[in-house]
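Chemist: Sequence:
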Amino acid sequence: MKNLETPATKLAVYGARGSLGSAVLVEALHRQFEVTAIVDELNALQARPGLRTKGGTPADAIEVNRAVAGMDAVVCLLGEELPGDARDDFQLVFKTLLALLDGLEVAGVKRLLVVDDFAWLDEGGGSAAAPVRHLRERLIASPLAWTLVETPVRPNETLGPDDFLQPSEAAQALRRFAAGLLDEMNLALHVRERVRIAEQGVR
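With our numbering applied, the sequence shown covers 20 to 222.
Only true hints are included.
With a straight-line cut-off of 30 Å between C-alpha atoms, the simulated DSSO-like cross-links for lysine-lysine are:
no.	residue 1	residue 2
1	114	129
2	73	114
3	73	129
4	29	114
Read the hints as simulated data drawn from the structure, not as lab findings. Here the structure is a predicted model, which is why all the values come from computation and not from measurement.
With the sequences and hints as input, model every part of the structure.
Modeler: Given below as structure tokens:
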């Protein structure tokens, strides 16, 4: 049980409506965090003790600043936040990452974890080469304690918070990923790195 004298961790989550988002919410609430899900529709999530919702998008730095002010950390599940037809839109991903960096810095929030498929960071050519270089430079220059986390394999069906009460194998795998993600958030062992959370831990 949490020591009453210890302030609860205040966590903002983008992308809370998907399967991975549900896993992160369940794990964070289990740890007695004060969780704010930042969503485009305030009634999208069922009310739960310890969970608040705010309206906002991660693709606009001003909205990010307003939404995350006062938080200890922000988790952005980018693949869950962007609609399916936009996940391959590099310009939107690029814009969102820059907005998060700018918005958190202005809000004074230091810890940022972004979950996505970051294979494009390894690509050296093509039309995205210049933006990728620019993003790398922005990450290096940013004062934030950021960590880029490779996205896990998602189940075929969409899982909600209640699916983690008596979890299937897919739900258990996502819950373990969420636990590793929040451990990394707290321990900050891989700040300013790109990592993958596996069964054996972060690597």
